[in-house]
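Novice: If you read the sequences in order, they're chains A and B. In this text, residue positions in the first sequence follow this note's numbering: the first is 1, and each later residue adds one. In this text, residue positions in the second sequence follow this note's numbering: the first is 1, and each later residue adds one.
Don't read these hints as lab results, they were simulated from the structure. Each statement offered as a hint is correct.
Below 27 Å or equal to it, Euclidean Cα-Cα: the simulated DSS-like pairs (lysine-lysine) are:
1. Lys474/A x Lys201/B
2. Lys221/B x Lys49/A
3. Lys404/B x Lys192/A
4. Lys201/B x Lys515/A
5. Lys405/B x Lys388/A
6. Lys221/B x Lys388/A
All values reported here derive from a predicted model rather than from experimental measurement.
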Amino acid sequence: MKDELRKVRFGKWACVLWIGMLPSVIFGGELPLREIIDREIKAAWANEKITPPGQSSDSLFLRRIYLDLVGMIPGYEETTGFLQDSDPKKRKKLVDKLLADPRYARNQARVWDVSLLGRNPKHVGHQDNRKHFRGWLEMQFANNEPYDRLVHKLLAAEEDGSQLYYVVHRGADDLTTATMRLLLGTQLQCAKCHDHPYNSWTQRDYYGMAGFFVRTFVHEGEKKENVTRWFVGEKSMGQVNFTIVPVDAKPGTKGEPVAPKFLGGADLQEPELPKDFKEPKVEKKKAPPKPMFSRREKVVEWITGRDNPYLARAAVNRSWAQFMGRGFIHPVDDLNEDDQGSHPVLFKEIERQFVAHNFDLKWLVREIVNSKAYQVADIGTATQAAPKFYERARVRPLSVEELYASLHLATGLGVEAAAKGRPSNDMLKYLGDPVDGRGDFQGSATERLFVHNGDVFRNLCHPRNDNLSERLLKGSESPEAKVDQMFLSVLSRAPTEEERERFVRYLNVEGDDAKQASQRMEEAMWVLVSCSEFRFNR
Amino acid sequence: MKVHTQPGNCRPDQHDSRRNFLKGTIVTAAGAVVPNWGALVHSQTIAAEAKRLGKRCIMLYMEGGVSQIDTFDMKPGRPTAGPFRPIKTNVDGIQVCEYLPKMARHADKLAIIRSMKTKSVDHGIGGYHMHTCYPQSERVPHPEIGAMIAKYCDNPESDLPSFVKMGASGNYGAGYLGPKYDPFVLGTDGRLPGFTNPSVKPEVQERRGELLKFMEDQHAKVHQARPFASVREAELRTIRLMRARAAFDVNEEWEKARERYGDTHFGRGCFTAVKLAEAGVSFVEVGQWGYDSHNDNFSCHKSLLGRLDPAWSSLLEDLQVRGLLQDTLVVWTSEFGRTPLINSQAGRDHYGRAWTVVFAGGGIRGGQHYGASDKDGFDVAENPVSEGDYFATIYSALGMNHRKKHFLGTRPIWATPEGSKPIKQLLG
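Chain A with its partners taken away, still in its complex shape (with noise of 0.2 Å):
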């Protein structure tokens, strides 16, 4: 009956479910993710009864891919390329081709490098220290390291490049909450002053994972020009001590010991210290002594063990949100017992898949951006950023380093150009963190008035260096191809009619005044560079 009453909703994808369906019934086969994917979303639009939305358009696909994928948008020759191509696997084909771009591992080494560590993390020295560790993260991702294993190596801290993690995040606390919530999606930080409001964590959950961190330091090494080496050390002794209600404590509380014990798990058991134990002596720059017994390498096991019951549902929850603009669970790091998602067996497949891969990250990413649901129209009457039931293409700004090497491209230099730089102090402090405190973005007069007045906007668009506005001016081209031209290389589409009539008219000037057109060039370059279209990825 359900099935009947989808069909006649969705008419024309209703036949692809029940193909899709086919061969796990003939063949008691698996299907594939992306079509389980499809399945639950429009199940879940049929239950919400809200009207099924089309599908992109190819060049509004290929924007989103490759802002997601590689982090910039196609170049003028890859975007007409695509489009012309009458391949009707296309799609698939490119998402397999931007996943073996080596752009693909540097992208991801960034996402994860800014939710690991934040924008403007503390005590990271020389910005050569992240650049390494970003190289670090860039490996694992173009080896495509199983997420566990990742997980694992980021927590043990031993491979060069490695021990940044530990750097930014000190002492028993930080360590505790940033782990908890960033690898384990979990706000086990708020029962550090008081038993969780929603969830059955306690104080002495918190206190006894924090008492996993508690003897971890990070010493320093040798420095290589800019880039210094940390050693992430344990010491021996030291508890985690647990006073009752910190908030009111008074100044000395100290409070009693408390055991380490893993989260909804029984307390570590560890052997005893000989009784004249003393701890050793930490040489300068030297590595430190191993600890008689290693309470993080416990948690760290712990942590990346098949059974864990939040890293695998985490990672899932996280990468969903990456492409889909918001998590089954949102925000991403809430996971908790009682709150099951906004779709729970797709949740709950994803996971399971996901394990059962062996902690594939590329598999995922490509299984979720090959489903329908991902490649969704980006039009609707919703009017939030990212829809709860994906009914439409979650709006998300680009991040500042997408800005900054989208510019490169859209301007006509070039994929180099576009990948070597980095974005400026003013650019990262102007257009770096455009979102309030819940993660929604907010237009500033700040980053209006740098895209106005700023040199970085301005320099790119300005005829010269070989750019596309340098080009367009000396080419012979007609004034509409020069136009299509523009909004190809810009927004990786072609102009509307009345797009391409306004542009024409505005490059259009009297005479031969070369220096009036060569401004009227700037300027339309500027206003494609600068209208909100190109401040996305939709």
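Once you've looked at the hints, dock chain B against the given chain A.
Specialist: Chain B in isolation, oriented as in the chain A frame:
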């Protein structure tokens, strides 16, 4: 990957629609563009509504920690007194330092809180605490007071930014309220930041603005998501701001005002603050730098008070003359006070256990002391006022809800901490 919204709570657009409407703006609730980018038309009703709401705040911030005993909480005859003498004011029972003679004539406007008891007594953490109402150690991006006031007292009629900052104190930013409420920071002398100066001629600005508007209109026809509207709204505010830049140029009038305010950066800042308040800016902070007098406290304070006195008193006078004082709260504050004990360098050090802030205007009942320190000024003797109480009083005076709830991800945060109470005795 930063994706949050609190399920079960209202979306921002549900709150913003009226404000957008008042802003005279291009964005309707549905996100469509009203074609009046450029020539804005304001109806009488909108103007009247805006004026009814229009409360403002000017904060005079004494950077470094100002000495309470050498200004408003003098201890004549006590060992902690120091060399300055108290003088009478126009209110019986209120005395101020001899180096504030002009302010002495405005004591009837002043509510002097002599029982500030605060916790963060170093510059970084104190500046943060006294700007955001929360300790820095919480590691939550709390918005500074100007951002909070900009959000809730924004004057929709004004082309100017809602939050302007001049001079000494650090920048704590709009935090979880978002970049829309970031401070617009002027130079200590009121100079505009660089990006405010248009990079192209007015005719180019207009021409390309038309083309940009055309693109936005096209896009908005089918793209109704809130982020697009937010960019358009910011663009509108930017254009208006660039057009209204002249409001920051006080050169001509300054010639006449200079003598009264004192020819100093701080004096000029105070004069600019009056002009901006008049033009509808909701919050202006003017900083005076240099109170951190671990050495030579007295020569330091004497010289700084000499510049403070004419500027602050002229600011109050001008606000009154222009009929703005009733709706403009003027706060005189600092990151903390200074020790009652005088150290071996004739200095006073940081002190949070009992110190003084002063309110005027904005409906505050003037001509009174609130709270008191003990006879040597070591501790609060009556009615201690915490950071939270201080902020709650300011927010209440401006008609704001001092317990307004916001979110950082999943975490609820209030404008002032639990237990903060506005001082009723001060509120009119």
